[in-house]
Amino acid sequence: MLVFIIKRIANAAMVMLAVALLAFLIFRLAGDPVELMANEQMSQADRDNLREKLGLNDNFATQYARFVVNAAQGNFGISYRNNQEVLGLIAERFPATMELVLVATFISLVVGIPMGVITAIQRGKWYTESLQFLSIIGVSLPSFVVGILLILVFSVSLGWAPAFGRGDVVDFGWWSTGLLTSSGRAALILPAIALSLYQITLIMRLVRAEMLEVLRSDFVKFARARGIPRWRIHFRHALRNCLMPVVTMTAMNIGALIAFALITETVFQWPGMGMLFIQAVTFIDIPVMAAYLCIVSFIFVFLNTLVDIAYAVIDPRLRAR
Amino acid sequence: MDGIFTLFRIPRTMKTLRSTLLACTALLAMGTAAGAETLRWAGQRDIFSLDPYSYGSTSNLAFLNHIYEGLVRYTPEFEVVPALATEWELIDNKVWRFKLRQGVAFHDGSEFNADDVIASMARVSDPTSPLRGNIPLFVGAKKVDDFTVDLEVSAPNPLFLNDMTNIFMFDGQWLVDNNSEKPTDVGGQVEGYTTYNTNGTGPFMLDSRVPDSKTVLVVNDGWWDEKQHNIDRIEFTPISSAATRVAALLSGEIDLIDAAPIQDLARLEASPGIKVDKRSDLRTISIAFNRKEKLADGRDNPFNDIRVRQAFDHAIDRDLLHRRVMRGLSHPAGTLVAPEIPGYSAELDTPTEYDPELSQKLLAEAGQTGLSFTYLCMNDESVNEEDVCSAMVNMLSRAGFKPVLDIAPRAVQAPKRSSGNSDVYMLGWANEPTLDAYSMLVQVLSTRDGAAGVANYGGWSYPALDQMVTAAANELDRDKRLAIETEALKLAKEEVIMIPLHQQPMAWAMTDKIEDVTIRADNKPRHWLTRLAD
Amino acid sequence: MISLSLIRKSDLWYSFTRSRSAMVAAIVLAMLILTAIFAPLIAPQNPYDPAQLDMWKSELPPIWDQLGEWPYVLGTDTQGRDMLSAILYGTRISVVIGIASVALSLLVGLSLGLVAGYFGGVVDNLLMRFGDVLLSIPTILIAILVSTVVRQMLPPELRDVGSSAVLVLAITLSGWVQYARTVRAQTIVERSKEYVQAARLLRVPARRIMVRHILPNTLTPIMVAATLNFGMAILTEATLSFLGIGMPPGQPSLGTLIRIGNQFLFSGLWWIVLFPVLQLCLLVVSVNLLGDWLRDALNPKLR
Chain W
0 MLVFIIKRIA NAAMVMLAVA LLAFLIFRLA GDPVELMANE QMSQADRDNL REKLGLNDNF
60 ATQYARFVVN AAQGNFGISY RNNQEVLGLI AERFPATMEL VLVATFISLV VGIPMGVITA
120 IQRGKWYTES LQFLSIIGVS LPSFVVGILL ILVFSVSLGW APAFGRGDVV DFGWWSTGLL
180 TSSGRAALIL PAIALSLYQI TLIMRLVRAE MLEVLRSDFV KFARARGIPR WRIHFRHALR
240 NCLMPVVTMT AMNIGALIAF ALITETVFQW PGMGMLFIQA VTFIDIPVMA AYLCIVSFIF
300 VFLNTLVDIA YAVIDPRLRA R
Chain F
0 MDGIFTLFRI PRTMKTLRST LLACTALLAM GTAAGAETLR WAGQRDIFSL DPYSYGSTSN
60 LAFLNHIYEG LVRYTPEFEV VPALATEWEL IDNKVWRFKL RQGVAFHDGS EFNADDVIAS
120 MARVSDPTSP LRGNIPLFVG AKKVDDFTVD LEVSAPNPLF LNDMTNIFMF DGQWLVDNNS
180 EKPTDVGGQV EGYTTYNTNG TGPFMLDSRV PDSKTVLVVN DGWWDEKQHN IDRIEFTPIS
240 SAATRVAALL SGEIDLIDAA PIQDLARLEA SPGIKVDKRS DLRTISIAFN RKEKLADGRD
300 NPFNDIRVRQ AFDHAIDRDL LHRRVMRGLS HPAGTLVAPE IPGYSAELDT PTEYDPELSQ
360 KLLAEAGQTG LSFTYLCMND ESVNEEDVCS AMVNMLSRAG FKPVLDIAPR AVQAPKRSSG
420 NSDVYMLGWA NEPTLDAYSM LVQVLSTRDG AAGVANYGGW SYPALDQMVT AAANELDRDK
480 RLAIETEALK LAKEEVIMIP LHQQPMAWAM TDKIEDVTIR ADNKPRHWLT RLAD
Chain A
0 MISLSLIRKS DLWYSFTRSR SAMVAAIVLA MLILTAIFAP LIAPQNPYDP AQLDMWKSEL
60 PPIWDQLGEW PYVLGTDTQG RDMLSAILYG TRISVVIGIA SVALSLLVGL SLGLVAGYFG
120 GVVDNLLMRF GDVLLSIPTI LIAILVSTVV RQMLPPELRD VGSSAVLVLA ITLSGWVQYA
180 RTVRAQTIVE RSKEYVQAAR LLRVPARRIM VRHILPNTLT PIMVAATLNF GMAILTEATL
240 SFLGIGMPPG QPSLGTLIRI GNQFLFSGLW WIVLFPVLQL CLLVVSVNLL GDWLRDALNP
300 KLR
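Protein chains in written order, with numbering that gives the first Met the number 0: chain W, 0 to 320; chain F, 0 to 533; chain A, 0 to 302.
If you are wondering where the hints come from, they were derived from the structure by calculation, not from laboratory data.
Treat the hints with caution; some may be incorrect.
Away from chain A, derived, C-beta distances all over 10 Å, residues of chain W [stated by the list, open to error]: (1) Met0; (2) Glu51; (3) Asp57; (4) Val67; (5) Gly76; (6) Phe218; (7) Phe234; (8) Ile313.
Listed below are the simulated DSS-like cross-link pairs for lysine-lysine, each with C-alpha atoms no more than 27 Å apart in a straight line [claimed, not checked]: (9) Lys293/F - Lys401/F; (10) Lys52/W - Lys181/F; (11) Lys415/F - Lys52/W; (12) Lys401/F - Lys192/A; (13) Lys479/F - Lys274/F.
Keep in mind that this is a model prediction, so the values were computed, not measured.
In this text, a Cβ means the ideal position worked out from N, Cα and C, and glycines have one as well.
Model the full structure from these sequences, guided by the hints.
Take a look at the structure:
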């Protein structure tokens, strides 16, 4: 057991090292940092000093090692654009993104699971067919279009929910939450819906596929033969059996959802990490870009590893793999 | 079907969701009613820095004027009146003596006195100060007593007072305590304590600032001046997307937007509860060229040939820009300053005729048919700049040029522009804070030399023009000075140093909550004069 | 072997003729792609040629409106660009980028997957680890980073021209892993089968075994993935262009058109944003409907 966990963690560490290498390569490829940082009045001597100070005269491996050591300590350097600590910039915006992502995940579970169950057990009915069709539209609509439509309908035409920003927030140490104020909750509604739409369809399809599988299995047939009521079979036994993959996928998808949120954040001007990242991209602010890449990947790898280990704890057979 | 739903308890979830939604909406509505003393204001882009000396941007300085103040200030009618100084006089045509206002306190409680003025003047005139070009006449400052200072000038030009409206006063001791005696520089990415912290004397104090997200000001109850506004709190939010800005106003999350997109004005005007105020701005948008020996890519510079510049000028259909892109709200320009600016001459203000055939002919004569160049544009500086630039590219292509559009946000483009490496660029000049053509002449059109030509990014030099500018600075008679300025603008037009396009329109849109707001041609917010409905 | 695939194909055809949505989607998609490919012949205007744009004809509403003008069937944008032409050319860019990136991903993914699965060992380990790394970075993030960094590396005058190539590269980089994994898994299964062992004993070259024998057996899942990825690639391109890091305003794709149109959301010029949105949705929905049908049709469990 312990061996498995250590192996899994070592693997995750390797992946993170490689991600860090990619992040580091961005620095090397996107142009000379000195040129990106320097203003035009800077003399050659100043430039040389800066180069030395940034350690750009060292060899590739040394620079990479330094980058990894710094990044592991949360030191991603100074933003080219506004001379602030990158980690501080990201930490400031991290709660906004996490809140959006978690609420969207919650919505996608609450909506996606029942839809999946219905489409599985009521195969062939007109409403399940239309739900199926709708789910394809759901994955096909670009999320920026969804955002724009939501703003047009619910914000401008109906005036139900705000179109931008995060409302008022309450601070708890370094965490800030919009969930405790009415304006914060109102501001969360539309972006969370926009972000969850894609996830809803994913969960719905997954639940449907798993349900169909389970419903064909022997134990369901057996249960039916025993005369257990149909709803009880579906929800007590069948659904329980498909929840595991749903939980897994939800956990593993959180990393992707954080990255995906950058589109939603841009459309709704949500002050999260994603918006910071997009601004960094516009201004070629490499340290912020690299840090964002590392942090999002870290969350992704962390959750994946966690899920793997959790599985191994639950089901010892998987350890052999 | 029904059974399934009950089973899964969907109705309850949905009901909860719906009631939460309703509750939120209701609370939101209540929140707006209760927060009537808060002005929620949105602009197109964030301020660049909280240090007023860090960037000579009109919008940045206008925002910071809520926190910081100068010795003198403009009335909404552009008259220079006392602010932190109560009176002043010119001594021996060499020195302006200012009597300072007594009993003024900075936001941290310390008293304002002559030492603060000396420290501020030293800081703003530092060689690294981005604002040094704003006070070209300033030579040095001397303390006379605790509430009297002498500012020495190189020429007795009264425009010095106009310039001083933009020089805000710091607390000298506070600067020392925070190691900030040197100015920061947005363009050069030099930051410091003053980039994120303030200590002014103005009507509002900084409450909090998250760059790119929100800046909050609260009322300064200890302000020395009589309070005309009824605002307790100002929340400034940059919303870069025009559509989102309008959506936020229409849905009532924002009370006031400056830079209301002109294409949306009709819709806004027709919306109940929304007011729109629009007019043409002081800012003249013009085109300028790289005028060094060689272009950045090493080619011999074709723009040093006046025929190429003339061809460029004749390629522009200003009527089309006016009627289509600017929706009839701009003022097509024939000269480099707006009609409101002293030094303007209606005679010069005849826009160059649109004549693409002539352009082609001139280009052919210069041997530059099919001239390819990069055209530097920003998408967040002037009104509908992206559309203006696309339209320019279309028109120039028809006239035989091959422009390559390089468009990005101001923060990316401004360094490229000021480095002087772009072939062709746009410049908007409002003659702030001087409000006199002298500003354009000395800062943009003059040869680059010390405080002169600080915005002469193309690097041109016209000695005849420089002489006229010097003469104007030393001319005490207003009419004579303005005549010289007009003469210099005429030379600029004849030589096609820069190509004026138009004075752009400005538009603010607001909800009913704004009872009264002061909008002038300088497009500056003055929320110490704004009143909100109760 | 051949007869087997024929049966499978006819099976597919049968299932296709029975699925109304698949048929409609296929017809719509075929029309969209054909009109896009022949855009230069059909479109009334070349929207990329600035000299062809007449700004006096800007902001015309669609032809059925009183103020509409022939030949601007769907109206014009603020630059006097014919919306129909812009949409046709924009679709062309979207489709070309979609096809090119899927094709490139397939090429890279199939070859690397085959090599990794067939030879195993260090090569396999390295390739799959690299794949793991790429998979631990969300697709959209890879696409944004790659297109930004590569564009930054290009000289300024090539940035606009090279936009589509940069996008293809960016989308490919995250796309190939999925194919490689699928093919690798299948290859490992096939490799141990007797016919491959026999072929190896007969000294048939490895390349021949891989291409002639193993590859055809992996095609079913690959086909489904490729179709769905085509839709994803179009969406990714549109998203990047919407965010302003994809196609430049001079050669707008559907995403760029939507980004520009979005600025006029409240101006009453609804046709500037609505038509590109509809076209993009139609395109992706029909691709996904086909992909969905294909997946069900090729999945033996659901038969």
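Consistency of the hints with the structure:
no.: 1; hint: Met0; verdict: holds, 23 Å
no.: 2; hint: Glu51; verdict: holds, 24 Å
no.: 3; hint: Asp57; verdict: holds, 22 Å
no.: 4; hint: Val67; verdict: holds, 14 Å
no.: 5; hint: Gly76; verdict: holds, 17 Å
no.: 6; hint: Phe218; verdict: holds, 18 Å
no.: 7; hint: Phe234; verdict: holds, 23 Å
no.: 8; hint: Ile313; verdict: holds, 23 Å
no.: 9; hint: Lys293/F - Lys401/F; verdict: holds, 18 Å
no.: 10; hint: Lys52/W - Lys181/F; verdict: holds, 22 Å
no.: 11; hint: Lys415/F - Lys52/W; verdict: holds, 25 Å
no.: 12; hint: Lys401/F - Lys192/A; verdict: violated, 63 Å
no.: 13; hint: Lys479/F - Lys274/F; verdict: violated, 43 Å
Of the numbered hints given earlier, the model fails hints 12 and 13; all others are met.
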